[in-house]
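Novice: Starting from two chains that each stand alone, build the complex the way the hints lay out.
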Amino acid sequence: GGIITQTPKFLIGQEGQKLTLKCQQNFNHDTMYWYRQDSGKGLRLIYYSITENDLQKGDLSEGYDASREKKSSFSLTVTSAQKNEMAVFLCASTRDNNQDTQYFGPGTRLLVL
Amino acid sequence: QQQVRQSPQSLTVWEGETAILNCSYEDSTFDYFPWYWQFPRESPALLIAIRPVSNKKEDGRFTIFFNKREKKLSLHITDSQPGDSATYFCAASEDYNQGKLIFGQGTKLSIKP
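Protein chains in written order, with this note's numbering: chain H, 1 to 113; chain R, 1 to 113.
Treat the hints as calculated values from the structure; they're not laboratory data.
It is possible that some hints are incorrect.
Claimed, not checked - Partial pick of chain R residues on the chain H-facing surface, computed with a CB cut under 8 Å:
no.: 1; residue: T29
no.: 2; residue: Y32
no.: 3; residue: F103
no.: 4; residue: G104
no.: 5; residue: G106
Stated by the list, open to error - The following residues of chain H were derived to be distant from chain R, with all beta-carbon distances above 12 Å:
no.: 6; residue: E52
no.: 7; residue: M86
no.: 8; residue: N98
no.: 9; residue: Q102
no.: 10; residue: P106
From the three backbone atoms N, C-alpha and C, an ideal C-beta is built for every residue, glycine too.
Bound-form chain R, shown alone (with noise of 0.2 Å):
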């Protein structure tokens, strides 16, 4: 059973668009949301993370909006570079598990110039 699902699989937008991408979960115990980011031959890292005590999280280009009675959540990336191409993973964990992460499956973005 997956419980975290991303969509889409893959996204292609222009350079100067904005990218959605959405990420939804089955327990609704998961307390903790990382989107991880990965570059092609190369290792996740952290991108943006958001509590459900918050709706939004924002980092500069990037933003998360929760959704947590709907249990969804999506990362929306801004005036896209051709940098941000990358696989994104959107992940969750609960509190009392020992930092335990659950992924999706991902969501490969390329930004087109």
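Bound conformation, chain H alone (with noise of 0.2 Å):
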């Protein structure tokens, strides 16, 4: 068994900031996904990698950084906050980059006022 944990759980922020979100996982897995859900709506890819120091974008990656900097963590920036923004945002990882079972982490709640 593992462990996805994603920090903070809640964010505000203002119009304009960068926002930094961050993922860990002990699943020691290789492939992690970062995924935008809105209310009502389903998951849209961001950002993923396959493997440390890989990115790979996703439909959704303009306005946003990523940084794999060890296997175990994927983060994720938010290059400049919209106003009124409201979303969470999911950190997910698989075994490997094949067609695995995607495991969640509990999310990030972010509210741009």
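Specialist: Right under this line is the structure:
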């Protein structure tokens, strides 16, 4: 078994601010993902990484940066927060870059004032 | 362009009835279709998945029916229980695409006791 932790749980930012979200997993999984979930909508892929120091853009990468510093951690940066933005950012991981089960973290809830 | 579509957006059935959730997709190269469920204030988790080599996958009260020709699949939940109340996401991926999942917008299922 393993666990994915995301910090912070809640994030309140100001318009134009640069905000960083962190994700850690102890599954020893190779691939990690960042998704955005808006209320009443599905999950949209922002970035993913198949190994340490690898980065791949998802469909929603504009406005975000990511960093895979080591195998167990994957960070996401909102480069310029948009006013009234409200969403949940979910981190996930899989054993490899194949069609394996994705395990999700508890999420970071973002609110931009 | 929405590559994976789900209907209905929300569904209410009585306890004990069969709930049917629908999903369709655009890309004929998709070859893996997982369903994730998400309970309120929790993260998504894998429920059941199917590959096109089969047209049916069963796991207890949950069954996926798959129609490759029409690019449609459905999730049937028999003997629905109040504890099945959740949002259900259909997703799809291609074998060569590094595990990238395309999620539908979800169906919010409510089971009335």
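Novice: State for each hint whether it applies.
Specialist: Consistency of the hints with the structure:
1. T29: 13 Å, violated
2. Y32: OK, holds: R:Y32 within 8 Å of chain H, min 4 Å.
3. F103: Given a least distance of 4 Å, the restraint on R:F103 holds.
4. G104: 5 Å, holds
5. G106: 5 Å, holds
6. E52: Since the minimum Cβ distance to chain R is about 15 Å, H:E52 lies beyond 12 Å and the statement holds.
7. M86: 15 Å, holds
8. N98: Check fails; 6 Å does not lie beyond 12 Å.
9. Q102: Per Cβ check, H:Q102 is inside 12 Å of chain R; nearest 7 Å; violated.
10. P106: Not fine: 6 Å to the nearest Cβ puts H:P106 too close to chain R.
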